[in-house]
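Novice: Each chain, letter by letter, is given below.
2 protein chains.
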Amino acid sequence: MPNVTFQPSGKTIYVPTGTELLDTARKARIEIESPCGGKGRCGKCIVRITSGNVDSDSLGLLSTSAVEQGFVLACKTKILDVPVTVEIPEQIGKDGGQFIDETDDTCLVREDILPETWQPDPLTNKYVLEVPKPQLEDGLSDLDRLTRTIQQHQGKKDVIYPLPIIRQAAEALRKENGKVTVSLVETPTYFHVFAIEPGDRSARHFGIAVDVGTTTVAVQLVFLPTAKVVATRTAYNDQIDCGLDIISRINYARKPERLEELRTRILNTINNLVEQVCSGHDVEPKEIGSAVIGGNTTMIHLLLGLPPEYIRLEPYTPTILEAPYLTAEDVGIAIHPQSWIYISPAVGSYVGGDITSGLLCTDIAKGSEDVNLFIDIGTNGELVIGNRDFLMTCACSAGPAFEGGGIENGMRAAVGAIEKVGVDPVTGVASYQTIGNVKPRGICGSGMILLLADLFLTGWIDPAGKLNRTKKSPAIQVNGRQARYIIAPAEESATGKPITISEIDIENIIRAKAAIYSACALMLEQVGLGFDDIANIYIAGGFGRFLDIEKAIMIGLIPDLPREKYHYIGNSSLMGAYLVLVSREFKQRQLELAQRMTYIELNTAPAYMDQYTGALFLPHTDISRFPSVNALGIESEVKC
Amino acid sequence: MPNVTFQPSGKTIYVPTGTELLDTARKARIEIESPCGGKGRCGKCIVRITSGNVDSDSLGLLSTSAVEQGFVLACKTKILDVPVTVEIPEQIGKDGGQFIDETDDTCLVREDILPETWQPDPLTNKYVLEVPKPQLEDGLSDLDRLTRTIQQHQGKKDVIYPLPIIRQAAEALRKENGKVTVSLVETPTYFHVFAIEPGDRSARHFGIAVDVGTTTVAVQLVFLPTAKVVATRTAYNDQIDCGLDIISRINYARKPERLEELRTRILNTINNLVEQVCSGHDVEPKEIGSAVIGGNTTMIHLLLGLPPEYIRLEPYTPTILEAPYLTAEDVGIAIHPQSWIYISPAVGSYVGGDITSGLLCTDIAKGSEDVNLFIDIGTNGELVIGNRDFLMTCACSAGPAFEGGGIENGMRAAVGAIEKVGVDPVTGVASYQTIGNVKPRGICGSGMILLLADLFLTGWIDPAGKLNRTKKSPAIQVNGRQARYIIAPAEESATGKPITISEIDIENIIRAKAAIYSACALMLEQVGLGFDDIANIYIAGGFGRFLDIEKAIMIGLIPDLPREKYHYIGNSSLMGAYLVLVSREFKQRQLELAQRMTYIELNTAPAYMDQYTGALFLPHTDISRFPSVNALGIESEVKC
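Chains as they are written, first to last, in numbering that gives the first Met the number 0: chain A, 0 to 639; chain B, 0 to 639.
These aren't lab readings, by the way, just hints derived from the structure by calculation. Errors might be hidden in some of the hints.
It does not matter which identical chain is used: a pair holds within one copy or between any two.
As the list claims (entries may be wrong) - Derived pair list, reagent style PhoX-like, types lysine-lysine, alpha-carbon separation capped at 25 Å:
1) Lys174 x Lys496
2) Lys77 x Lys38
3) Lys174 x Lys465
4) Lys156 x Lys438
5) Lys38 x Lys254
6) Lys254 x Lys285
7) Lys155 x Lys132
8) Lys10 x Lys285
9) Lys174 x Lys254
10) Lys132 x Lys550
11) Lys178 x Lys419
12) Lys564 x Lys285
13) Lys132 x Lys254
14) Lys550 x Lys465
15) Lys471 x Lys77
16) Lys465 x Lys496
17) Lys285 x Lys471
18) Lys77 x Lys156
19) Lys178 x Lys132
20) Lys156 x Lys471
21) Lys419 x Lys564
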């Protein structure tokens with residue numbers, strides 16, 4: 000009789016071969032939701048088989064890549080004859096839970112961020128109402144009766160309706176004898192009704208959280224009544240063809256038709272992701288009634304078709320920091336046309352809604368007395384320092400290297416990305432691990448940091464990032480003045496070509512880490528604090544599923560501080576957007592944070608260039624700043 | 000030396016042949032505006048030559064038909080050698096004035112309706128603002144600076160902007176050093192900015208008043224700073240092909256694609272009229288920033304694409320009575336896409352915004368103590384009775400006869416319409432007069448009433464509307480059982496065919512007048528009042544430029560009451576829309592009127608059919624109701 004072990008609880012149970020996994024879990028008193036009654040329709044009983052043999056028929060509702068990663072529906076899976084380990088998705092609060100779709104657990108919802116007693120309080124609500132029948136005597140129109148019913152139910156505010164919704168009212172009010180489900184946004188002064196559906200449709204209440212990054216874009220589908228994440232998908236921003244960083248995009252957008260092209264490209268990216276999160280989960284894009292979008296100020300300008308030119312030119316003035324009430328139709332997002340698109344508020348041209356979103360995932364949002372530091376490492380690097388009394392922020396241009404951009408074999412943290420890598424000190428040959436344990440297709444940010452740190456610590460690159468040409472290694476290929484390091488040879492690779500990193504790539508990574516570190520050092524200098532004053536450092540970014548803090552310090556990406564102060568919070572822009580989507584309290588916190596922050600312009604700080612130049616070495620020209628590296632006795636002279 | 004007389008003042012002056020008319024007027028101390036300095040560009044010095052000979056070059060700025068009617072630009076016109084009479088357009092208030100475009104003086108703005116001390120206070124405002132330049136230090140976006148400037152200028156309300164306007168903000172704020180003109184709607188809680196233009200554009204501030212009738216549609220272009228009417232145009236509702244009356248339109252609209260067809264047809268009609276009122280007046284449709292639309296409930300439903308089916312079915316419930324805030328883009332009207340489309344509020348399915356508009360042109364809107372009666376005779380007939388203490392209303396189906404619909408040679412009151420007609424008692428031959436004094440093309444409502452009354456009073460038709468076949472007249476053509484009356488023979492007609500009225504046409508007219516009279520009688524009965532209790536009777540409708548009350552009584556269209564109690568107010572729906580467009584006080588009055596009115600359903604009143612049947616004669620089966628006719632000793636027996 001095979002034994003089945005459930006993680007993270009570690010409970011083990013013995014069942015006969017052929018037992019259904021859902022039944023097995025019940026016997027082990029492991030709670031797995033199955034509202035469809037085990038018919039393979041709702042997708043809520045999803046679990047992951049991490050070892051052992053099962054017979055599963057989960058394709059159709061789950062994507063191929065999810066199945067490839069071991070995800071199955073417990074109700075469609077039978078235990079075969081070897082020991083099986085089953086991973087149960089994490090739970091949010093008491094009635095929530097979420098699972099990792101694709102490989103994007105960079106957007107895990109962390110329980111410790113949510114308030115202790117927490118109930119979903121989403122941006123939009125759905126109410127089932129019984130609207131009285133029309134009467135000859137009362138002189139009321141259809142909308143008058145609906146308005147009165149809403150006011151009796153929700154309070155005496157004005158009720159407003161967009162025209163396309165009014166067009167559906169007469170039929171909706173008559174189809175099921177006056178029973179309708181209204182979707183509405185509640186503001187301090189009025190209710191904005193954006194959908195009227197006949198009958199009880201309260202169980203079809205979805206929203207999306209969207210992170211629009213310069214390099215990558217993520218969309219998360221959320222079931223709003225329980226705040227459960229249904230699916231998350233990430234893709235490259237389709238604007239990449241028009242420039243890798245913000246400044247190139249702004250330059251590209253100078254002609255109106257190119258601004259329109261950029262707008263269309265980002266909409267395509269988002270809309271494709273929306274289709275992906277919906278497909279296989281029995282959700283129609285038109286059932287999504289709200290979206291919260293976090294993104295840097297330039298991305299938001301491009302998404303809304305606002306000319307970004309004056310973000311680039313002194314005095315760096317965006318058209319907007321806070322967007323007005325927008326609908327999906329206004330913006331062009333292919334969900335319910337009248338749904339609300341809430342754009343996270345920005346602080347300045349280079350500190351956008353992605354940062355105010357990200358802060359929601361830190362103690363800064365909790366109004367802590369401790370001084371905390373938040374570092375978001377994306378194509379731009381943004382920093383926030385402060386506590387409940389002050390909040391300062393600045394931005395620097397890091398480039399897209401850690402997200403895989405501008406690196407020949409760079410890629411985002413998706414299946415096939417090398418996320419862990421070690422270098423043999425003697426042979427110089429790499430051993431590596433990919434996401435999904437498949438053949439490698441490229442290397443993601445977390446892999447780059449491990450690789451650079453190991454190459455440096457083992458002496459295969461020097462502090463300037465040049466590969467060692469004096470020691471021979473089959474992994475180092477020299478071609479004239481340029482050399483490259485082979486992480487995986489062609490025969491191991493999924494592309495048929497070797498996965499390599501060139502000296503130009505290494506230079507890009509060093510420039511990126513230098514921009515971050517120097518901004519960090521200058522920021523502290525500007526607010527008159529030392530590194531020791533910081534209680535916690537939150538690091539956000541799209542490196543991958545984890546960030547090795549030790550190795551990140553070794554290459555000089557982040558300051559050499561006690562490791563326990565560091566918290567890697569992954570794609571905090573997406574998670575912040577999720578928090579705003581499911582909780583009006585977080586929306587309010589975010590607005591207050593945005594309004595409290597003071598923006599420091601690094602471009603006009605002369606000390607910044609000196610800091611940056613000093614940081615263009617591994618870990619830094621001033622090795623005394625990195626006592627941990629110094630203690631290892633690494634040769635810190637430039638050799639090649 | 001020719002003499003020139005100015006009307007309505009009657010001043011006469013002698014000037015040499017060849018003197019410019021503008022100079023002549025100045026010499027006579029007659030004020031004519033000419034802001035463009037007499038260069039023929041602004042069109043404001045428009046006057047009408049009613050007799051005499053001038054040399055004018057006004058085409059291009061004025062339409063061909065305006066020129067045909069004698070309109071000229073005073074600055075482009077020289078006096079020739081015969082006495083000339085010049086009509087100066089009427090003045091509104093102290094700095095307004097208006098002129099009649101085409102032949103539509105059914106929409107004259109009547110001074111006696113306006114409050115004594117009156118200043119235009121239009122629905123939308125344009126303000127010229129100086130917005131400070133962007134600053135590195137202040138952390139404000141473009142829209143933040145604009146919002147602060149608006150709040151400093153207009154008060155501390157929230158300011159909201161639609162996305163298409165935000166897209167223009169960055170350029171608009173920089174093009175003329177921060178000088179911009181904003182167009183906005185002020186509500187009790189916020190400012191809604193719907194246009195931002197660089198520089199001072201306050202002199203380009205236009206709105207339209209629109210009357211959407213079942214049969215005819217009128218659009219009036221208004222220069223809002225002075226409330227001056229720039230032009231008015233009327234056309235048949237392009238939906239006529241889909242049914243002559245409301246019920247046929249509702250039936251036609253049952254299929255969604257036909258509802259969409261009706262919507263497109265009315266939009267085409269309105270948008271063509273918008274082009275017409277703009278062309279020749281140096282106004283672009285995109286410069287029109289607001290519209291007020293009066294129309295019956297069904298027409299408004301069709302315009303907005305709302306299914307009208309439940310207006311027809313008991314309990315006669317429309318989707319809406321009051322429309323929400325709508326933009327031209329929402330509705331599909333080809334003016335500034337973000338401009339406000341204000342729909343006059345309705346009272347019920349058969350008493351619409353055309354009636355609440357029309358009431359604004361009566362003492363009922365002034366809160367008079369006297370009981371007044373308002374009768375709007377269109378395709379539907381609507382009545383309102385009341386004073387400051389009560390207001391009752393009802394509707395009846397009259398059909399489109401008086402607007403020219405369903406009558407073989409019927410037409411609206413446009414150039415070529417027979418508007419006055421008399422019948423020779425001996426020969427039975429008609430003498431007539433057309434609008435524009437051109438060859439006749441048809442007969443309008445006012446002509447029909449005169450014709451019917453004269454045919455009846457001279458014995459050429461009997462009380463049932465049958466033509467007299469016993470007396471011989473070249474004007475009466477008998478063809479089998481049907482006869483027709485020739486108003487104008489083929490050789491006099493513009494169409495090459497005789498202008499006639501058949502017995503079927505007469506039957507239609509009698510049915511229309513019977514519907515009105517019987518509703519009137521029943522309404523009074525229902526509110527427990529007699530005819531003597533009425534202080535004033537206001538008659539609105541699209542008959543033509545005048546309505547002969549005497550003759551209207553003779554055919555039994557309206558009750559036989561002292562003539563001085565009657566006031567013909569023409570297209571009061573259009574004029575009411577104009578009043579709301581230029582005055583927020585009238586908008587408020589209209590809302591209050593709509594909310595105060597009680598609707599009486601005639602369809603469920605059994606006495607109505609009796610009243611109607613009794614009224615299907617000239618003037619009525621019960622001749623004692625019409626003492627004036629009775630006194631003439633007309634034979635009241637049906638003969639044929």
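Novice: Work down the list of hints and note, for each, if the structure agrees.
Specialist: Going down the list of hints, with the structure as the test:
1. Lys174 x Lys496: neither (61 Å within a copy, 54 Å between copies)
2. Lys77 x Lys38: within (14 Å within a copy, 91 Å between copies)
3. Lys174 x Lys465: neither (73 Å within a copy, 50 Å between copies)
4. Lys156 x Lys438: neither (59 Å within a copy, 60 Å between copies)
5. Lys38 x Lys254: Answer is neither: 54 Å inside a copy and 39 Å across each miss the 25 Å cutoff.
6. Lys254 x Lys285: between (33 Å within a copy, 24 Å between copies)
7. Lys155 x Lys132: within (21 Å within a copy, 43 Å between copies)
8. Lys10 x Lys285: Classified as neither: same-chain Cα gap 41 Å, cross-chain 71 Å, threshold 25 Å.
9. Lys174 x Lys254: Close across copies (17 Å), not inside one copy (50 Å); limit 25 Å.
10. Lys132 x Lys550: neither (69 Å within a copy, 47 Å between copies)
11. Lys178 x Lys419: neither (56 Å within a copy, 58 Å between copies)
12. Lys564 x Lys285: Classified as neither: same-chain Cα gap 44 Å, cross-chain 60 Å, threshold 25 Å.
13. Lys132 x Lys254: between (55 Å within a copy, 24 Å between copies)
14. Lys550 x Lys465: So lysine 550 and lysine 465 pass the 25 Å test inside one copy only (18 Å; across, 106 Å).
15. Lys471 x Lys77: neither (53 Å within a copy, 103 Å between copies)
16. Lys465 x Lys496: within (23 Å within a copy, 99 Å between copies)
17. Lys285 x Lys471: neither (60 Å within a copy, 74 Å between copies)
18. Lys77 x Lys156: So lysine 77 and lysine 156 fail the 25 Å test inside a copy (54 Å) and across (64 Å) alike.
19. Lys178 x Lys132: within (10 Å within a copy, 54 Å between copies)
20. Lys156 x Lys471: This pair counts as neither: shortest intra-copy Cα distance 77 Å, inter-copy 73 Å.
21. Lys419 x Lys564: within (23 Å within a copy, 96 Å between copies)
When each numbered hint is compared with the structure, violations occur for hints 1, 3, 4, 5, 8, 10, 11, 12, 15, 17, 18 and 20.
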